[in-house]
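**Q** Sequence:
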Amino acid sequence: MNKVTDGLLSPTPGQVDDVSANAADIPLPPSLESRRGQMFPRLTPTEIDRLRRFGTVRTWQPGEILFDPCTPGTGMFVLLSGHILITRKNGLGIEIPIIKSGPGSFTGEVGQLSGRPPLAYGRALEVVEALVIDPPSLRAVVVAEAELGERIMRAMILRRMGLIETGGGGPLLIGAPGGVGIVRLQGFLSRNGHPHLALDPALDSVAEDVMKLHQPHPDELPLVVCPDGTVLKCPTERELAHHLGLYIDLGPDHVYDVAIVGAGPAGLACAVYAASEGLSVLVLDTHAFGGQAGASARIENYLGFPTGISGQALTGRAYVQAQKFGAQMVVPVKVTSLDCTRFPHALQLDCGVRVSAKTVVIATGAKYRRPAIPELEKYEGRGVYYWASPIEAALCGQEEVVLVGGGNSAGQAIVFLAGHAAHVHHLIRGAGLENSMSKYLIDRIGSLANVTLHRESEIVAIEGGEEGVSAVQWRHRQNGSVQTRLTRRIFLFVGADPNTEWLENCGVKLNDRGFVCTGLDLSPADYARSAHSKNGRRPLQLETSVPGIFAIGDARADSTKRVAAAVGDGAAVVSQLHTLLTSH
2 MNKVTDGLLS PTPGQVDDVS ANAADIPLPP SLESRRGQMF PRLTPTEIDR LRRFGTVRTW
62 QPGEILFDPC TPGTGMFVLL SGHILITRKN GLGIEIPIIK SGPGSFTGEV GQLSGRPPLA
122 YGRALEVVEA LVIDPPSLRA VVVAEAELGE RIMRAMILRR MGLIETGGGG PLLIGAPGGV
182 GIVRLQGFLS RNGHPHLALD PALDSVAEDV MKLHQPHPDE LPLVVCPDGT VLKCPTEREL
242 AHHLGLYIDL GPDHVYDVAI VGAGPAGLAC AVYAASEGLS VLVLDTHAFG GQAGASARIE
302 NYLGFPTGIS GQALTGRAYV QAQKFGAQMV VPVKVTSLDC TRFPHALQLD CGVRVSAKTV
362 VIATGAKYRR PAIPELEKYE GRGVYYWASP IEAALCGQEE VVLVGGGNSA GQAIVFLAGH
422 AAHVHHLIRG AGLENSMSKY LIDRIGSLAN VTLHRESEIV AIEGGEEGVS AVQWRHRQNG
482 SVQTRLTRRI FLFVGADPNT EWLENCGVKL NDRGFVCTGL DLSPADYARS AHSKNGRRPL
542 QLETSVPGIF AIGDARADST KRVAAAVGDG AAVVSQLHTL LTSH
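According to the numbering used here, the sequence shown holds residues 2 to 585 in order.
To be clear, the hints were calculated from the coordinates, so they are not data collected in a lab.
No residue lacks a Cβ here, since even glycine has one placed at the ideal position from N, Cα and C.
Please note that a few of the clues may not be correct.
Said to hold, decoys possible - In silico DSBU-like pairs for lysine-lysine, Cα to Cα no more than 35 Å straight-line:
{"id": "1", "residue 1": "Lys562", "residue 2": "Lys379"}
{"id": "2", "residue 1": "Lys510", "residue 2": "Lys335"}
{"id": "3", "residue 1": "Lys379", "residue 2": "Lys335"}
As the list claims (entries may be wrong) - Have a look at the derived ranges for each label pair, beta carbon to beta carbon:
{"id": "4", "residue 1": "Arg478", "residue 2": "Arg343", "range": "29 to 37 Å"}
{"id": "5", "residue 1": "Arg478", "residue 2": "Cys71", "range": "26 to 34 Å"}
{"id": "6", "residue 1": "Glu468", "residue 2": "His215", "range": "45 to 53 Å"}
{"id": "7", "residue 1": "Gly433", "residue 2": "Ala572", "range": "52 to 60 Å"}
{"id": "8", "residue 1": "Asp527", "residue 2": "His255", "range": "29 to 37 Å"}
{"id": "9", "residue 1": "Asp559", "residue 2": "Val354", "range": "51 to 59 Å"}
{"id": "10", "residue 1": "Ala177", "residue 2": "His585", "range": "34 to 42 Å"}
{"id": "11", "residue 1": "Ala203", "residue 2": "Lys379", "range": "26 to 34 Å"}
Using the sequences and the hints, build the whole thing.
**A** Structural data, given as structure tokens:
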């Protein structure tokens, strides 16, 4: 199997025995073969001269390391003379040659925009001279040098796409397919757009050797081999993120112009527009960028995409765009409380860090409800899922699955899962879908032969054991009849509750359902007793009952629960942030 590292595919056996391979020889995935020239452009001397003002020329002696996965913030290297060999480490810690790069080439992929560690090792084969462009300067290049910056940006995005598609350059996840830990970490890495490769020790010899070397206990699986060779035993998402360099240092002394809590469509839109206008931006999210929209298999009613686009692709573009303008992203981290009694405002994180910001934007969205099903939590991640990504779909091969929910997210998931599962049993509590789902989805689902709609039905029990779900029982709400169906996969898309628990006791007014009140939603009494009355003004349209605290997207009361509406909120709030920051 070919793998990708640092935007470069590893060769087939024997391809680099003489380390003479170049970009023209690299086997690419079929989806990227036609874009080879865009992935590996060679810069002309004139173009390199235009880049010199953004970087520093350095020299390395033969055998010296230019960059490695242990060192964050290296940025992009533009080779002026000499050649470097790019390598990766396999699961046994052995360095494997990937490709040789020479003058006119440049290294890196989108991770270098934000100072993430490289996904490979770069070693000088001879005396090498290169222009080193650090992350802040690299972001300046893609903004200031329009045509050249666009070519560099496109190459970096395509390289990351190649990495994700082939799984190279990222960590190796070693364990049995479909295991709880494997699915959990695959989901985290996939939703954060980070390349990885899952290996089954029963089928892969390297994975088998790693298992023999480390001899993990069952509760220590999966093993994770990081790009720097470190082996982790069943890490948490946060532990893995730390080892992959996905975190940035958050110091209590730094004050951001705006801290955005939540990296769904609303939060990402706010990050893009605020950072592009020169504000210092911090984005925090508990799980991954994209929110619920990021888990949508296909969005077909978003303006400008007539053939549809996956939620991962749409929000992934926004994620890269925000980094291009300098927004700082931290995932996964949870905001546990907000202190509005001081200025700047303080956010307490569950990692023990406290960060400060002049303004705060609440973009935490909503979460699917947990139905009142006995022992539901016991099966979460072990047959019960709240999203339907390609990882979960791959587990449904030719099986019968059950999906509960009547909204658009449920509809998109049904259409997606129907292409993988033998049959999808669709349960809704109501008599029909017309009041909750877009007509194009209703029509499409109606045309699928392997989807059965069960109206006025709800799950009453889940059966299973240590291996996970084995069967489900649902009851017809009108006649009381109970049906039992053997299944190993249940998908729940049942309503939405706001992610606003962390706002307790901070003074931000919530409505009776827990959504954040803003602007016109606030009564005269609300802002009369708030700090707004002290400075003689009413709250701005997207501002909460606390000055300097804003709410956008699904977390905001009376918002339209659509991706486009969330993006609109994220764009609109930036002008209001400027109004407030100017007054300060």
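**Q** It remains to establish, for every hint, whether it holds in the given structure.
**A** Against the structure, the hints come out as follows:
Simply put, Lys562 and Lys379 have alpha-carbon atoms about 30 Å apart, close enough for the 35 Å limit, and the pair holds. Distance restraint check for Lys510 and Lys335: the Cα-Cα separation of roughly 21 Å lies within the 35 Å cut-off, and the hinted pair is therefore satisfied. Note on Lys379 and Lys335: the hinted pairing holds, with a Cα-Cα distance of about 23 Å set against a maximum of 35 Å. In this structure, Arg478 and Arg343 break the distance hint of 29 to 37 Å, their C-beta atoms being roughly 51 Å apart.
Distance hint for Arg478 and Cys71: a CB-CB separation of about 58 Å, inconsistent with the stated range 26 to 34 Å. For Glu468 and His215, the Cβ-Cβ distance of about 24 Å falls outside the hinted range of 45 to 53 Å, so the restraint is violated. As the Cβ distance of Gly433 to Ala572 is approximately 35 Å, the hint placing it in 52 to 60 Å is violated. Evaluation of the 29 to 37 Å hint for Asp527 and His255 yields a pass: the beta carbon distance comes to about 32 Å.
At about 33 Å, the beta-carbon gap between Asp559 and Val354 misses the expected band of 51 to 59 Å. Taking the beta carbon of each, Ala177 and His585 are about 55 Å apart, not inside 34 to 42 Å as hinted. Separation of Ala203 from Lys379 is about 27 Å and conforms to the stated range, judged on CB atoms against 26 to 34 Å.
Checked against the numbered hints given earlier, the structure breaks hints 4, 5, 6, 7, 9, 10 and satisfies all the rest.
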